[in-house]
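Can you make the complete structure from the sequences, with help from the hints?
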Amino acid sequence: DAGVTQSPTHLIKTRGQQVTLRCSPKSGHDTVSWYQQALGQGPQFIFQYYEEEERQRGNFPDRFSGHQFPNYSSELNVNALLLGDSALYLCASSTVGSPGVHGTDTQYFGPGTRLTVL
Amino acid sequence: DAKTTQPPSMDCAEGRAANLPCNHSTISGNEYVYWYRQIHSQGPQYIIHGLKNNETNEMASLIITEDRKSSTLILPHATLRDTAVYYCIARRGSGGSNYKLTFGKGTLLTVNP
Chain A
1 DAGVTQSPTH
11 LIKTRGQQVT
21 LRCSPKSGHD
31 TVSWYQQALG
41 QGPQFIFQYY
51 EEEERQRGNF
61 PDRFSGHQFP
71 NYSSELNVNA
81 LLLGDSALYL
91 CASSTVGSPG
101 VHGTDTQYFG
111 PGTRLTVL
Chain B
1001 DAKTTQPPSM
1011 DCAEGRAANL
1021 PCNHSTISGN
1031 EYVYWYRQIH
1041 SQGPQYIIHG
1051 LKNNETNEMA
1061 SLIITEDRKS
1071 STLILPHATL
1081 RDTAVYYCIA
1091 RRGSGGSNYK
1101 LTFGKGTLLT
1111 VNP
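Which chain is which? The protein sequence lines are A and B, in order.
Numbering follows the working numbering, in which position 72 of the first sequence is assigned residue number 72; successive positions increment by one, without gaps.
When you read off a place in the second sequence, starting at 1, and then add 1000, the result is the number in the working numbering.
It is worth saying that the hints were derived from the structure and are not from the lab.
Computed from a prediction, not measured in an experiment: that's the story for all the values here.
Even glycine gets a Cβ: it sits at the ideal position worked out from N, Cα and C.
You may find that some hints are simply not true.
[Stated by the list, open to error] Calculated Cβ distances over 12 Å to all of chain B for the following chain A residues:
hint, residue
1, L11
2, I12
3, D62
4, H67
5, D85
6, Q107
7, V117
[Unchecked claim] Listed below are several chain A residues computed to face chain B (Cβ distance under 8 Å; list not exhaustive):
hint, residue
8, P43
9, Q56
10, G58
11, N59
12, T104
13, T106
14, Y108
Next up, the structure:
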C-alpha cells in the first residue's frame, strides 16, 4: 500500500518565479492538506482540499493556491516567489472513517518537497 | 484547538523507556490528543492518538490522565532511530469545520548509545 507521495523532492527557484508542487494521497484517502515548514519551526497549515474544493485555509496570502483532481491528487501553486517561501512543503492525506481509526480523520504525511528560493 | 505545552528537549538512553510529557490543560471534551514525530528533514510520522482511554500500538503507548489535562507518550525500548522531534497536538475528532493540525515546537528527543 503506497503512502503519500510528493514530487519533486527538491526544487530551486528564483524570486518572482512560480512553482507547482504535487501530491498523491495514500490509497483510500480523499482529502489532502498542505503545510509549510520553515527551518526550525513546526509545520504551518496552508489549506485543505476535499471534493475538489478548498474547505479550510490557514493564514497564507493568495499567492498560495491549490487544486484537487478527481483522482484526489493535489497541486500546490505559489506565485511571485519570495525568499521567505523557502521551506519544506508537506502534503498530508486523510479520510473520515479510516478503518481502525475511531471517529477521527488522521492525517498521514508525505516526505515533503524542499523549495529553495534564491 | 487547545494549546499544548511540551519540554523543548529530552535525553534517553538506548534500550530504556522514553516518557514524553504533554500538557493540554484547556482541552475540550471532543478533542483528541495526537502524537506525531519528525526525523530530521522528513515528513511527520503519525504515532498514536487517543481521547480519554490509554492507547497502545506497535510503536508506542499513550497515557492520558483522568482529567485529560496532560498525557505521556511512552516509547518502551528507545533506539537510536527514535531520535526525532515529537509533537503533541490536541485536535477535535471528525466533524466540525476545523480540519487543520496545529503544530507547536515539540520535544527533541535524543536517544544516546
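So is Q107(A) really clear of chain B, every C-beta pair being over 12 Å apart?
-> 6 Å, violated
Restraint outcome when Y108(A) is required to lie within 8 Å of chain B by C-beta distance = 6 Å, holds
Would you check whether T104(A) satisfies its interface hint, that is, whether its CB is within less than 8 Å of any CB in chain B?
-> 5 Å, holds
Non-interface claim for I12(A): all C-beta distances to chain B beyond 12 Å?
-> For I12(A), whose nearest Cβ neighbour in chain B is about 16 Å away, the distance exceeds 12 Å, so it holds.
Minimum beta-carbon distance criterion (8 Å), P43(A) to chain B | 5 Å, holds
Would you check whether Q56(A) satisfies its interface hint, that is, whether its CB is within less than 8 Å of any CB in chain B?
-> 5 Å, holds
Using Cβ atoms only, decide whether N59(A) comes closer than 8 Å to chain B, and label the hint accordingly.
-> Cβ of N59(A) sits 11 Å from chain B, so the hint is violated.
Taking 12 Å as the cut and beta carbons as the points, is D85(A) off the interface with chain B?
-> 17 Å, holds
Minimum Cβ distance from V117(A) to chain B greater than 12 Å, as the annotation requires = 17 Å, holds
Would you assess whether H67(A), listed as outside the interface, keeps its beta-carbon beyond 12 Å of every beta-carbon in chain B?
-> Holds, since 17 Å exceeds 12 Å.
With a cut-off of 8 Å on the beta carbons, see whether G58(A) makes it to chain B.
-> 6 Å, holds
12 Å cut-off, C-beta based - D62(A) kept clear of every residue in chain B = With a cut-off of 12 Å, D62(A) remains clear of chain B, as the shortest Cβ separation is near 18 Å.
Violated hints for the displayed structure, listed by number in ascending order: 6, 11.
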